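Keeping their order, the protein sequence lines are chains A and B. Count the first sequence with the working numbering and you get residues 20 to 259, in order. Count the second sequence with the working numbering and you get residues 443 to 880, in order.
By construction, these hints were calculated from the structure, which means they are not laboratory data. Computed from a predicted model, the values in this text were never measured in an experiment. Be a bit skeptical, because a hint or two may be false.
So the derived list for chain A, only partly shown, Cβ under 7 Å to chain B, looks like this [stated by the list, open to error]: (1) VAL53; (2) LEU171; (3) ASN252.
For glycine and all other residues, C-beta sits at the position ideal for the given N, C-alpha and C.
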Amino acid sequence: MNWLSFLLAGVLVYVAVVAFLVGTAFRIYYWLKVPRSGIKLGIFPQTHGRRRFVQWIKDTFLFPQVLDVDRPMWLFVILLHIGGVAAFVGHLRLIQEFTPLANALGKEGMEQFSLISGGIVGIVLLVSVLYLIARRFKSPYRDISTPEDYFLLILVFMVLLLGNHLRFFGQVDVEAYRAYVHSLLTFSPEFPAELAESGTRWVLVTHVTFSNLLLIYLPFSKLVHYIGTYAVNLMRSEAR
Amino acid sequence: MNKAELKAVTGVLDKGMNRQLLYYLDVCTRCSICKDACHQYVSTGDVLFLPAYRAELIRRVYKKYFTRSGLFLPSLYEGREVDDRLLDELYRSTYACTGCRRCMYYCPFSIDTTWLLGVAKAMLIAAGRGAQILTELAGAAIAKGENIDLFKDIMLDLNKETEKELQSLVNDPTAAIPIEKEGADILYAALAGVHSILPPAVIFHKAGLNWTLSLFESSNYGYFLGDAEKGRIIAKRIVDEATRLKVKEVVISECGHAYRVMQYLYETWANEKLPFRVTAMVEIIARLIREGHVEIPSGKERKLVTYHDPCQVGRNAGFYDEPRYVLSQVASNLRELTPNREKNWCCGGGGGLVAQPEFDEFRIKTGERKAEQIKQTRAGLVVSPCENCRLQIAALNEKYDLDIKVTGLSDVVANQLIGRDIATSFEAGQAEEPESED
Ligand code: SF4
Ligand code: SF4
Chain A
20 MNWLSFLLAG VLVYVAVVAF LVGTAFRIYY WLKVPRSGIK LGIFPQTHGR
70 RRFVQWIKDT FLFPQVLDVD RPMWLFVILL HIGGVAAFVG HLRLIQEFTP
120 LANALGKEGM EQFSLISGGI VGIVLLVSVL YLIARRFKSP YRDISTPEDY
170 FLLILVFMVL LLGNHLRFFG QVDVEAYRAY VHSLLTFSPE FPAELAESGT
220 RWVLVTHVTF SNLLLIYLPF SKLVHYIGTY AVNLMRSEAR
Chain B
443 MNKAELKAVT GVLDKGMNRQ LLYYLDVCTR CSICKDACHQ YVSTGDVLFL
493 PAYRAELIRR VYKKYFTRSG LFLPSLYEGR EVDDRLLDEL YRSTYACTGC
543 RRCMYYCPFS IDTTWLLGVA KAMLIAAGRG AQILTELAGA AIAKGENIDL
593 FKDIMLDLNK ETEKELQSLV NDPTAAIPIE KEGADILYAA LAGVHSILPP
643 AVIFHKAGLN WTLSLFESSN YGYFLGDAEK GRIIAKRIVD EATRLKVKEV
693 VISECGHAYR VMQYLYETWA NEKLPFRVTA MVEIIARLIR EGHVEIPSGK
743 ERKLVTYHDP CQVGRNAGFY DEPRYVLSQV ASNLRELTPN REKNWCCGGG
793 GGLVAQPEFD EFRIKTGERK AEQIKQTRAG LVVSPCENCR LQIAALNEKY
843 DLDIKVTGLS DVVANQLIGR DIATSFEAGQ AEEPESED
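Work out the full structure, taking the sequences as your base and the hints as a guide.
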């Protein structure tokens, strides 16, 4: 690894993970530190007990009421979030091969499966984020948007674009990525020879760099809704 | 704006900070899904009335003055200084909001825009820009509370008249409208005007309740103004009276925000527990009918009737079934508005708008959805248990040629109980010379 790769795809990864975790904890601490108003803000009809729990999960993950007012937005937002989780799960394969699946499909089959599923997810994510970007440029969305909104969307877009590039044009075997991830996990970041010598290396470094930036900014941006949404959607059914 | 003034305004955000507010400030993604939820944005297309933008004005001030990120990089968040331009925008977007919370219903994060606007109102008040008429009305209500002895005699005289009307309506010379009756079970807080006293009086009389009429009106301009302290003092007049008379239950007239204040806000504002139960008029009518205390004569009204869910009675208090149950006892032909219940459109008159002439044109314009909805039902009678809604719908009736009558839930029930057409209005002096109905 040259020093720049070491910095961006090595050191910065650790910084990002720590910033993300500490930032998340900090945000939660900061929220809980502020006293709650005693006024209950729930709207009706209200549910209680188990039904309230189900309602809460539904409001948080599905927000079905949005279907009434903005269907395309609902669709792309849902796709973006499901895609995000799927991509995260897919990356776990770089830590540990999904052995049962790999055994069932065989080595070739697994590669094929990963190419197709990962490819679809990558495209869906890219399309969704492009939709969000295009929407921002239209009035009235533009009038209410701040540079933060564009900045975040561009970060996500870059991560996805480069990720897709690795997926579709990368010349490197999955084993090489796995070796890199393992080197990260053992705190000795290193690119295996195959990766270090290929042109793909720079795409990977940029992909990782943008991901790091996103991760660092996440808890401090409006994307803090990844933790905030649970609290606010619970307030929706808060009874007196 | 000098330094001290600026501090007073931004200080509101500091002192008034609470966890709910902080969540809302942090979590909104500016997705603007709420835009089509707001009748005001939908009918004006003006971003100033887009719910998230109203909140965004406060967020930008907050970012600028209270967050490290906003301090270092104000332009990333479009952090805004508190200046005249900002206060002008804030005034228009904040006092225009009817507090219907339809935006909260549709927001994927359930963000309560009105909670953020509560802070905006406090900031405006700190800047000396609280809505003037609301300030005056709140002041008058407080003055009445402080000088009740001056008002009492006139009120008792007026009540004698109203009592006579009641007696003639129910055809019973012993029918009474008690005032300051200690040991009554129920204290009824009406609005100013006999139209808000007579129908409940008829129902309570028929049900044989042990009740008494409050000296104070239930409406609360301190709440609309956004001044919690004034709101508290105004509501406290009724709380004190109820405590003094040792009633078990306070019934709030058909007035959405008054119920919200008493049921959901007062205890926190005053930091005390209410020693009585708070009931909405729609609730008690349903209860009295269900429990058989009043018997609705058979022979239901056949005319096409529609029901408008007032935001403060439906979405913000949960009375969806009670009024429908009551109506089903009185009229056989109820046609719902589309959408209705928690998705119902705001009439456009809430939030104290009907009291502020500066919003007259605006509220008629932004009531177009409601007018359209009503027209679609082809109903000739609109029932709605909220004074603000009724005033607004009556205004819409004129401007949009709806050819309807608007009335309250207790009105239709009281009319039915005394054998009149359910759409007859209760006005002073009308008992002697009954209005002919078509
Ligand atoms: S729908 Fe909710 S999160 Fe989206 S802009 Fe409106 S208030 Fe913000
Ligand atoms: S509470 Fe009602 S009027 Fe106010 S912003 Fe929300 S939808 Fe619009």
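Quick rundown of the hints versus the structure:
Interface hint at A/VAL53: satisfied, since its Cβ lies 5 Å from the closest Cβ of chain B, which is below the 7 Å cut-off. At a threshold of 7 Å, the smallest CB-CB gap from A/LEU171 to chain B is about 9 Å, leaving the interface hint violated. The beta carbon of A/ASN252 comes within 5 Å of a beta carbon in chain B, closer than 7 Å, and the hint placing it at the interface holds.
Hint 2 from the earlier list is the only one contradicted by this structure; the remaining hints agree with it.
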